[in-house]
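K.L.:
Spelled out from the first residue to the last, the chains are:
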Amino acid sequence: MIPAFEAAAAHEPASVAEAARVMEQLAREGRRVGFVGGGTELELGAPPERIDAVVRTRGLRRIVEYQPADMVMVVEAGVTLAEMQAAAREHRQRLALDPPWPDRATIGGIVATGAFGPRRARYGAVRDLIIGVQLVRADGTVARGGGKVVKNVAGFDLPKLACGSLGTLGLIAGATFRLHPLPETSQTVVVSGLSPAEVVAMVSRVRAAQLEPVAAAALRGPSGYDLALCFEGFGKGVEQQIGTLRQLAPAARATEDAWARHDEVRTGGPLRIKVAALPSQLPEVDRLVAPLGLRFAWYATLGLGFASGASVEHAAGLIADARAELARRGGSLVVQAALSTLRVDPWGPPPPAFPLFERLKQNFDPDRRLNPGRFVGGL
Amino acid sequence: MILYTCPERELVVELHRAMISEAAIRSLRQAVGERNCITEPEQLRTYECDGLTSFRLTPAVVVLPETTAEVVEVVKVAHAHGLPLVPRGSGTGLSGGALPVPGCVLVGLARMKRILEIDLPNGWMRVEPGVINLEVSRRLAPEGYYYAPDPSSQSVCSIGGNVAENSGGAHCLKYGFTVNHVLGARVVLADGSVVELGGPVLDTPGYDLTGALVGSEGTLGIVTEVVLRVLRKPEATRTFFATFPSTDEAGNAVSRIIAAGIVPAAIEMMDRLAIVAIKAATGVDWPDVGAALLMDVDGPLAEVEHTAQEAVRIAREAGALLVRLPKDEAERQTMWKGRKSAFAAVGRISPNYMVQDGVIPRSVIAPVLREIEELATRAGLRIANVFHAGDGNLHPLVLYDARIHGQEELAEKVGGEILRACIRAGGSITGEHGVGADKAPYMGELFSEDDLATMALLRCSFDPEGRMNPGKIFPTPRLCGDRPGKYTPHPLEESGEAGRG
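One line per chain: the protein sequences are A and B, in this order.
Per my numbering, residue 1 is the first one in the first sequence, and the count goes up by one each step.
Per my numbering, residue 380 is the first one in the second sequence, and the count goes up by one each step.
These are calculated hints, taken from the structure and not from any lab test.
Remember, it's a predicted structure, so these values are computed and weren't measured experimentally.
One or more of the hints may lead you astray.
[Said to hold, decoys possible] Distance ranges between label pairs, derived from CB positions:
1) ILE494(B) to ARG329(A): 18 to 24 Å
2) THR432(B) to ALA9(A): 57 to 63 Å
3) ASP829(B) to ASP103(A): 30 to 36 Å
4) GLY523(B) to GLY224(A): 28 to 34 Å
5) ASP345(A) to ALA397(B): 28 to 34 Å
6) ASP345(A) to GLU828(B): 36 to 42 Å
7) GLU710(B) to SER223(A): 50 to 56 Å
8) ALA320(A) to ASP829(B): 42 to 48 Å
9) ILE494(B) to GLU90(A): 44 to 50 Å
10) SER534(B) to ARG246(A): 38 to 44 Å
11) ARG803(B) to ARG328(A): 49 to 55 Å
12) LEU789(B) to ALA86(A): 49 to 55 Å
13) GLU710(B) to THR267(A): 51 to 57 Å
Don't be surprised by glycine CBs; every beta carbon is placed ideally from N, CA and C.
Chain A extracted, bound-state conformation:
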């Protein structure tokens, strides 16, 4: 736990109404507030300038509503992803989201950080699965956006605004999601020993062949990249797709091991980095990330990669260089976690829309009390 969160007075509301009362009280006292869910991503962002009070969401752990026939679940923020999945699994459903640490990561935290895993390739990010949100604003006002139906364009999309907002606009007290059916079968095949350019070529062949992997992760190893492609659905469809893939890559082997390796990259440390570029830019990304000496996983259809491991000596300089190069190509680099000795800006220069971010923050949190300084551009 990072010091700012540790030192602060903790509140643990047991209901959204209580959370609202706590927030109102903290507003009256002018306290600076941080939010903690499962504590899996507390290192994300700049260390907050000062936190007087922490609101923990672990008391908010009700599954509020679940209508399996509608494939929609309403949960409070402190419910963990694993708890949500267990409830959905009873009806052969799931939230099609697979970020790291499902046993600890809470729904509120997942929304706040915009966390995701390899299945984003098929099902999208949190923003694509969330259909409703309940926010407690800086002054304790409870506001709702979206609703309980998947298709809904009434009013501004507050649920999407909450995604990735890192507790700077309000406490995410609850969220509503669309669910998907659990697939009948799930199978992974791995094509090994690929150069970065070969990964790009392979993905393009997969697309040309109209295969539809739900996840495509290229893991860097000593002898090149291993491209893991996961196919899900009904048995016959999966079988056909894997058959076609074997024609494209005769050496492909069926194995689920790749995902354990993938998870190690996603949960490794102490340095953890996220890079974003176009999928075809893997060769450049590889060249930029390689000197850092980290393990690396690349979501090959999305153009998003994660690197983790021990920090090399000149990491700060290498990160700055890589970030500048990626930015020139329209991409970005975020340091998700690092030892405090590594002096590096976690976000890099803010994007062109930053003046809008500032106005949004000013309107939602005029006294700048929510996670001050933690988000992009020191918001």
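Could you slot chain B onto chain A? The hints should help.
P.N.:
Structure of chain B alone, referenced to chain A:
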């Protein structure tokens, strides 16, 4: 509900023009050129309404910019003169989103229709807002790619309009809505500044303002470029058409197909009256039945063969009277054409109709449909139902004859009751058409004051003066920095030029 009626059109134009100074009009002419600045009353009428034709107001001036720079100039003129701006795409919207407001500059974006960049290996393209939805997929078809959102108006509606309304379509059940397919946008804000949101590379650090922009109905800014996600065409599509004794059995079939773990690409329902209308208008040889389903599954061949077979089996078990599989692509297209022309078809069996866009949880389709039927019977009106059954997005078409005194008001009332039934069922007042001017009065029934005030915080961040498409979405004007105040009637309303009914 704000009803803009203007029998003395030219008088109204004059009144509005009085609110726009000659100096402002001169500057607008300079911004877009003489030819693209319209002030002739006759020509202005083209822009007096969108697809929701029961709301009309002739704008005082229409500008048709061709570049982002021209849009910036127009917006700066409006900024300098404190004029409201109403953006407009193809004008096919069904909620009055592009309805002019008194004294506004209406910004038509139809001339901005260039496709700027296509990057298939990375699955995106950049287009201007006036590009027609279907044109995008046509352009990509030779390469085997397409753009997924397919509103029924896709042959005429524009991408900019789709972004404003977060348009859906039959196939969004599996693929999502416009917001799931827009990666970024260039936006001109109310003060004339230009911002880039998102882009072809995912996850720009910071707030997801692209997500907030899509569906904001032109109230946050004017979009001048859009980055779209494009998809590889699926290997195979299987379609079937099934008839049922009533919407109860058809609804049950939908629930059971989805409960079996099948995610159809689209699953559409039509009731008896809709089928009658479609048959009369398009000549499809569908039988006279209580309800019909039209369903697509797509994906890898073996997967769709399996799911199509399963879905047909389930439909039969659920009481399907007849299941028809198209023998070729032409027949499939005919089936879909029948569905997509449903609104127009209903227009042929009734002098007027009003379409609603309520959404309900899928599990209560049958009881809510019965409630709608009772509402119709009590009012003595006919209601045809054509809708996206997979996601519970109803499109009840309330049929009426405006020549019969009081019938339009009655239809409005029934429409409102339908929306209330959707709210009571835990749903929403709009699934894809937008709130616009039409449904703004119902927002207060769906959301609390605090919810709406929170949405206003977003609005104020983009447009602190509230000049971008004012009067849409929100039931009362909300001033930035103020507590929401009571509704104040517009001078035109007070003078009787425009009414609120």
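K.L.:
If a hint holds in the structure, say so; if it doesn't, say that too.
P.N.:
So, going through the hints one by one against the coordinates:
1. ILE494(B) to ARG329(A): 18 to 24 Å: holds (22 Å)
2. THR432(B) to ALA9(A): 57 to 63 Å: Since THR432(B) and ALA9(A) have Cβ atoms about 60 Å apart, the given range 57 to 63 Å holds.
3. ASP829(B) to ASP103(A): 30 to 36 Å: holds (34 Å)
4. GLY523(B) to GLY224(A): 28 to 34 Å: Since GLY523(B) and GLY224(A) have Cβ atoms about 29 Å apart, the given range 28 to 34 Å holds.
5. ASP345(A) to ALA397(B): 28 to 34 Å: Cβ of ASP345(A) to Cβ of ALA397(B): about 54 Å, so the range 28 to 34 Å is violated.
6. ASP345(A) to GLU828(B): 36 to 42 Å: holds (40 Å)
7. GLU710(B) to SER223(A): 50 to 56 Å: With a Cβ separation near 53 Å, GLU710(B) and SER223(A) satisfy 50 to 56 Å, so the hint holds.
8. ALA320(A) to ASP829(B): 42 to 48 Å: For ASP829(B) against ALA320(A), whose Cβ atoms are near 43 Å apart, the range 42 to 48 Å holds.
9. ILE494(B) to GLU90(A): 44 to 50 Å: Given range 44 to 50 Å: holds, Cβ gap about 48 Å.
10. SER534(B) to ARG246(A): 38 to 44 Å: Cβ of SER534(B) to Cβ of ARG246(A): about 41 Å, so the range 38 to 44 Å holds.
11. ARG803(B) to ARG328(A): 49 to 55 Å: holds (54 Å)
12. LEU789(B) to ALA86(A): 49 to 55 Å: holds (51 Å)
13. GLU710(B) to THR267(A): 51 to 57 Å: At 53 Å between Cβs, range holds.
The structure fails hint 5 only (numbered hints given earlier).
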